[in-house]
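Quick note on numbering: our numbering labels position 199 of the sequence shown as 421, and the sequence is numbered without any gaps.
No incorrect hints appear here.
The following label-pair restraints were derived from C-beta to C-beta distances:
{"id": "1", "residue 1": "Ala423", "residue 2": "Pro475", "range": "23 to 31 Å"}
{"id": "2", "residue 1": "Val471", "residue 2": "Leu338", "range": "22 to 30 Å"}
{"id": "3", "residue 1": "Trp279", "residue 2": "Leu414", "range": "19 to 27 Å"}
I should point out that these hints are in silico values taken from the structure, not numbers from a laboratory.
We put the beta carbon where it would ideally sit given N, CA and C, even for glycine.
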Amino acid sequence: MSSVVNVVLPVFALILLGYLCRRSGRMGPTGASELNRFVVWLGLPALLFSVVATSTWEQLWQPGFIAAFAIGCLGVFAFTLAYRMLQKQPLVDASLDALGASYANTGYVGIPLCMLVLGDEALQPAMVASIVVVCVLFAIALACVETGLHAGQGVLRTLGKVSGALARNPLVIAPLLGALWAASGLQLPVPLATLLKLLGAAAAPCALVSLGLFLAQPQPGGKVQGVWPLVGLKLVVQPLITWYLAFQVFELPTLWAYSALLLSALPTGTGPYMLAEFYGREGSRVSRVVLLSTLGSLITLSLILVLLPV
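Please build the complete structure, drawing on both the sequences and the hints.
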């Protein structure tokens, strides 16, 4: 149990520090946004680029891991979307709920957690999972939202908007550039490697503090319906699906199997809330899902770490 505390406590302590800094006024209302920009535009891209640029194709291409993780999150997304549509929700709002139930916080929590639990080599599965979340799941959700907003305006316009959004996303561009560098066979120059190492080392703590700052923002008042089912899908159903596929169906190597389970059990990231804000939709439900799944994951991740012989 002490090893679990040693792993989980630092991660959530950084989130708590961000929360307390915002609540006490040590950091202002724009702190979460500005720190988030550093993470998204500098820290995480540097980390993702360096990992891919110094890895081989054989190390990254793990079809069993990709299938286990992707089926877990996409399955939950599809189920939630269909269920909300049957409840006569608009496609845009149903898509946001589905994203909230399946969008694992691989960048902000997953990367530091995997590094602490499984070592630096776990950066590779964490990075692959981040690409699945950002490039596949988020793209599908964007396509659904744009389809709902521009119904009858044609498939090409929707595809153009989604493609443009992904092409401008640094978390998509960085690993792609890293793959091109790796394909060239060149070594990273020492100054560049040092710069990337410094930026990458700052990504995880800044991301966790940023998440704490976000969670400290005032939550909408009043009772919000349908939050706990989404939290249950994220923290219980998705990890169970991924566990079965990773351990029973694909029988992945230990590192990749453990990583798949941990990454699938992560709380909901801030992406769904940011998407709701961007499109001017009601964000109270997804913001509650982010908050409650983050708090609940302290329990569920601890249970997983107790059960796994890591």
